[in-house]
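Visitor: Each chain is listed here by its residues.
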Amino acid sequence: AQSVTQLGSHVSVSEGALVLLRCNYSSSVPPYLFWYVQYPNQGLQLLLKYTTGATLVKGINGFEAEFKKSETSFHLTKPSAHMSDAAEYFCAVTGGSNYKLTFGKGTLLTVNP
Amino acid sequence: DSGVTQTPKHLITATGQRVTLRCSPRSGDLSVYWYQQSLDQGLQFLIQYYNGEERAKGNILERFSAQQFPDLHSELNLSSLELGDSALYFCASSVGVGGNQPQHFGDGTRLSIL
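As given, the protein sequences belong to chains A and B, one line each in that order.
Heads up, the first sequence is in my numbering, so the first residue is 785 and it goes up one at a time.
Heads up, the second sequence is in my numbering, so the first residue is 174 and it goes up one at a time.
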């Protein structure tokens, strides 16, 4: 079985500040990890993914995440927050013969002017 | 725009009724997934189809069923609706069945049961 824990259901930052959204996973097989963003009244948009290879992955809108196997983590970061980053962010895992995405409960990011 | 189309965007109906949600995957994608998003359960996987065949089942109730048609569009049928079925239902698609292939989501159908 796989699971995802997102630490902090709500994160608030100032515009221009570092964004750090935490994700820890549990998987009995090598994981594939994803971050999705959901804006109000919209579907989920893929930000970035880790499958194999380089452990630091870059995504859209200036976001990046680092896969740390020893820490079972896949934290999402962005050096400088923008007002348009305000949304809910979901970390998800698949792996092995398991094709379904198992999601964390989400982190709501608020960006203050 | 993800390329995944879901209709309708909103559905309002009453308990005991039956509804059908429709999904057209991205061009070239053979896999379709259905997810339910609710405040208490979060995002939950329901079912997956690949090229017309069921591949995986998740937390899908017996009152719910799905199918994928030869043109690859999919329908999720919800029957004997209960208040607790009110949720946002997402369809996602991917090229194949590998877990390393990203799933692209539609904008969802918001189902409200009165």
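I should point out that these hints are in silico values taken from the structure, not numbers from a laboratory.
Keep in mind that the hints are not guaranteed to be accurate.
Cut-off 20 Å, straight-line C-alpha distance, at most; resulting in silico cross-link-like pairs (EDC-like, lysine to aspartate or glutamate) [claimed, not checked]:
(1) A:LYS889 x A:ASP869
(2) A:LYS833 x B:ASP174
(3) A:LYS889 x B:ASP213
Part of the chain A face toward chain B, derived, beta carbon under 7 Å [said to hold, decoys possible]:
(4) TYR816
(5) TYR834
(6) THR835
(7) THR878
(8) VAL895
Where a beta carbon is used, it is the ideal one built from N, C-alpha and C, also for glycine.
Visitor: Is LYS833 of chain A close enough to ASP174 of chain B, meaning Cα to Cα at most 20 Å?
Guide: Roughly 18 Å separates the two Cα atoms, so the pair holds.
Visitor: May I ask you to test the interface hint for THR835 of chain A with respect to chain B, counting a Cβ-Cβ separation under 7 Å as satisfied?
Guide: 4 Å, holds
Visitor: Are the Cα atoms of LYS889 of chain A and ASP213 of chain B separated by 20 Å or less?
Guide: Holds, because 10 Å separates the two Cα atoms, which is no more than 20 Å.
Visitor: Could you grab the alpha-carbon distance between LYS889 of chain A and ASP869 of chain A and see if it respects the 20 Å cut-off?
Guide: 18 Å, holds
Visitor: Just to be careful: measuring from the Cβ of TYR816 of chain A to every Cβ in chain B, is the smallest value less than 7 Å?
Guide: 5 Å, holds
Visitor: Please verify that hint: VAL895 of chain A, Cβ, nearest Cβ of chain B, below 7 Å or not.
Guide: 23 Å, violated
Visitor: Given TYR834 of chain A was flagged as interface, is its beta-carbon under 7 Å from a beta-carbon of chain B?
Guide: For TYR834 of chain A, the interface hint is violated, since the closest Cβ of chain B sits about 9 Å away, which is over 7 Å.
Visitor: Does THR878 of chain A pass the interface check with chain B, least Cβ-Cβ distance below 7 Å?
Guide: 4 Å, holds
Consistency note: the structure conflicts with the earlier hints numbered 5 and 8.
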